[in-house]
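**Student:** The lines below spell out each chain.
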Amino acid sequence: MNEMDFGLSEEQLLLEQTVRSFLADQVPIERVRELRDKDCPNDRAIWRALAELGVTGILVPEAQGGSGLALLDAALVSQALGHAVTPVPFLASAVMAPTALAAVSGSDAETWLAGIASGDLVFGVAATELFSVREGAGITLKKGLLQGKAMMAIDACAADRVLVAIDADTLAVVRGDATGLEITRLETVDATRCTAEVVLDDVAPEAVFEGAGEAIARMLDAGRIALAADAHGACEAMVEQAVAYAKERKQFDRVIGSFQAVKHMCSEMIAEVEPARSLLWYAAHSFDAIPDEAPLMACHTLSHTSEIAREIASVSTQVHGGIGWTDEQNLHFWFKRIANARHLLGGPEYLRNRAAELQGFAVAS
Amino acid sequence: MSRPSRTELDEYRAEASAWFHENVPPPPDFMLPLTFMEVGTDQQFHFLCDWQNKVYEAGYLGAAWPKEYGGGGLDQAFQDIATEQMRRHESPIMLNTIGLSWAGPLLLDMGTHEERLRYIKGILSAEDIWCQGFSEPENGSDLGNAQTRAVREGDEWVINGTKTWTTHGTYAKYMILLARSIPDARNKYAGLSFFLAPMHVPGIETVPIRKLTGEYGFSETFFTDARIPADCLMGEEGQGWAVAMRTLEYERNARGGQAGGYSITVPDASEIIDLARRAQRDGHPAIDDPVVRDKLVELLIEARSLGLCGARQRIAPLNQDRPMSLGLSSKLMNTEFVRRLNEFAISMQGAKGAYYVGEPDSIDGGIWQRAYLNAFSATIGGGTSQIQANIVAEHVLGLPKS
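Protein chains in written order, with our numbering: chain A, 372 to 736; chain B, 2 to 403.
There's no promise every hint is true.
Restricting the straight-line Cα-Cα distance to at most 35 Å, the calculated cross-link-like pairs of lysine-lysine (DSBU-like) are [stated by the list, open to error]:
{"hint": "1", "chain 1": "A", "residue 1": "K618", "chain 2": "B", "residue 2": "K189"}
{"hint": "2", "chain 1": "B", "residue 1": "K189", "chain 2": "A", "residue 2": "K707"}
{"hint": "3", "chain 1": "B", "residue 1": "K402", "chain 2": "A", "residue 2": "K707"}
Everything labelled a hint here was simulated from the structure, so no lab data went into it.
Construct all of the structure, not just a fragment, from the sequences and the given hints.
**Tutor:** Here you go:
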């Protein structure tokens with residue numbers, strides 16, 4: 372089915388506009404630049420302010436004090452955050468954790484969801500081992516205690532809780548200050564996104580959810596779509612900056628945007644953005660409206676966005692010439708946000724292989 | 002007009018689906034053109050004329066065009082459904098593209114009541130085939146420099162010059178013609194006028210152009226003191242460039258209002274998957290090769306994202322920040338994509354990739370190879386991809402002219 376039978380409501384457009392204005396006012400690139408030097412770039416003050424706007428609880432059911440909105444709404448916010456390269460734990464705490472927690476039952480989950488919605492509780496998510504490198508990593512649960520290591524845990528640094536995927540069917544929640552838990556920020560190319568190594572040495576979890584396969588699968592799908600939206604927003608910002616620069620920079624007595632070689636670089640970027648955006652919004656829409664399609668669409672949109680994003684990051688930098696390659700010029704914040712997103716929830720090759728499995732082209736590994 | 006309800010649309014969809022299921026003709030014993038630019042034999046032409054007429058008579062073409070001129074007078078949503086069902090039931094293409102998709106919407110948009118009464122119905126019924134006289138041998142991408150002359154003599158215009166890449170030229174009854182009537186105008190654009198010109202008058206000769214596929218589909222059109230009535234002028238004299246640009250907006254997908262149906266068959270995702278299962282690579286299905294599979298999925302994703310754009314274009318809130326962007330970039334993206342897809346399809350065939358139409362051992366009768374060669378008509382025609390990239394840069398991104 373190739374139909375898009377949805378629009379964006381006035382409420383959705385208003386939410387997106389509100390978040391974008393807030394970020395423009397409160398988290399301009401100068402502020403991002405300050406935050407990159409902190410131990411963890413995720414800033415609690417910004418997060419609390421976003422909680423006031425309803426962002427932290429966007430996917431939390433209304434019964435737990437959230438807005439109970441759809442993933443399409445969260446994708447619009449994610450796009451805005453990527454556009455502004457804002458360092459906040461949106462991906463783990465507002466998208467992945469609540470998606471998983473809402474799918475498991477129990478009063479603990481409800482309490483945590485309420486904390487997420489209010490902005491008081493920040494969740495990190497450790498799930499990379501489900502789809503990526505496992506050398507020296509992996510977590511086991513023995514006699515009620517967690518042992519092992521998780522790599523590339525998202526937004527885990529200063530988190531109050533970490534949601535740990537022990538395997539494809541089991542989730543655990545641990546306190547950020549639990550005895551035996553060690554969280555170390557990882558040095559990645561992107562200073563605006565927090566990723567950490569989580570080492571658990573006989574840590575007693577607050578809760579373990581068995582039979583949580585569906586919750587974990589949904590969490591990954593939602594995370595992939597939201598991450599695609601973030602990278603997509605970063606792409607749009609890079610195209611905008613390249614175009615603005617091409618209109619202003621003069622060489623040979625004319626603006627470089629009047630040279631066809633430069634014009635074509637710019638138009639090819641925007642021409643890639645448009646279909647990727649159609650795919651992204653459709654994927655986000657499918658998550659709630661056509662859930663059977665969501666696993667495939669999540670793979671499609673993240674792998675496709677990753678591919679066009681790498682190209683756009685490179686072309687936009689090239690349009691800027693030497694200045695785009697400096698630290699001072701700031702363009703690299705977007706370049707690196709995109710570069711990191713490519714690896715966070717499955718690279719494009721992995722995702723295409725997963726898509727092939729889902730479509731019956733390849734035998735599941 | 003209020004928006005039709007979901008129920009009304011669903012009922013219409015069911016009716017349309019049943020009609021196309023019942024009426025789409027079985028493949029004839031000759032190869033049908035995949036696009037409107039490949040109609041090279043009388044056999045193909047008559048087959049497609051009859052089919053278009055049948056679809057129109059059933060109400061599934063021009064459904065959203067005004068009733069008084071021969072359309073169905075319905076909401077656009079109905080025509081969109083009819084077009085969707087045409088695709089679903091693998092209908093042959095709608096032949097009279099220049100009329101249905103460019104001249105028709107132009108007439109409804111800028112034409113007079115009389116012009117619409119005269120031309121619209123014939124466009125829909127395929128009784129009057131239309132062609133386009135824009136490109137010239139010496140003026141292709143630089144269309145504004147067109148040199149075909151139009152000189153007013155009494156109640157007539159006298160036309161002299163040469164047009165080329167005239168799709169359906171040998172079959173056409175009318176041509177939308179861009180010609181220079183004011184040679185000393187203040188600039189090259191201001192000297193152009195736009196005509197709805199009859200083709201069946203003395204002094205007009207069409208000569209088919211043989212393509213690299215060995216087939217036909219275009220012609221060169223020679224005007225030698227061809228006299229056409231004065232009232233063929235559309236709009237004012239000297240406004241030809243503006244009218245031509247509006248026409249190109251339809252051609253380049255930047256403006257809606259087309260009669261519906263489709264005139265280019267894009268290989269369906271399922272066909273390329275099917276080919277990947279049938280084509281052999283080292284004695285195994287090509288799809289079992291992880292490299293082929295990765296590329297296949299990549300192309301399927303692109304196909305999906307481009308396919309979704311058509312739907313998104315019709316929903317205003319999904320395009321509000323860059324309203325022109327999707328329409329203007331889609332021509333560039335779709336045409337280049339189709340070429341790449343065909344390249345991949347041929348590549349998968351291994352040694353058989355070298356076969357062409359006519360070789361009994363070829364896969365699918367060599368249709369992929371022929372489609373690949375023909376794909377260039379779309380990446381060059383209607384503005385090359387590079388001209389299209391200029392247009393996107395200038396009209397969407399606001400970059401200056403070169």
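**Student:** The structure should be examined with respect to each hint, and the outcome stated for every one.
**Tutor:** To see whether the hints hold, each was checked on the structure:
1. A:K618 <-> B:K189: Between K618 (chain A) and K189 (chain B) the Cα gap is close to 27 Å, so the pair holds against 35 Å.
2. B:K189 <-> A:K707: Violated, at roughly 48 Å.
3. B:K402 <-> A:K707: Distance ~32 Å between K402 (chain B) and K707 (chain A) Cα, so the pair holds.
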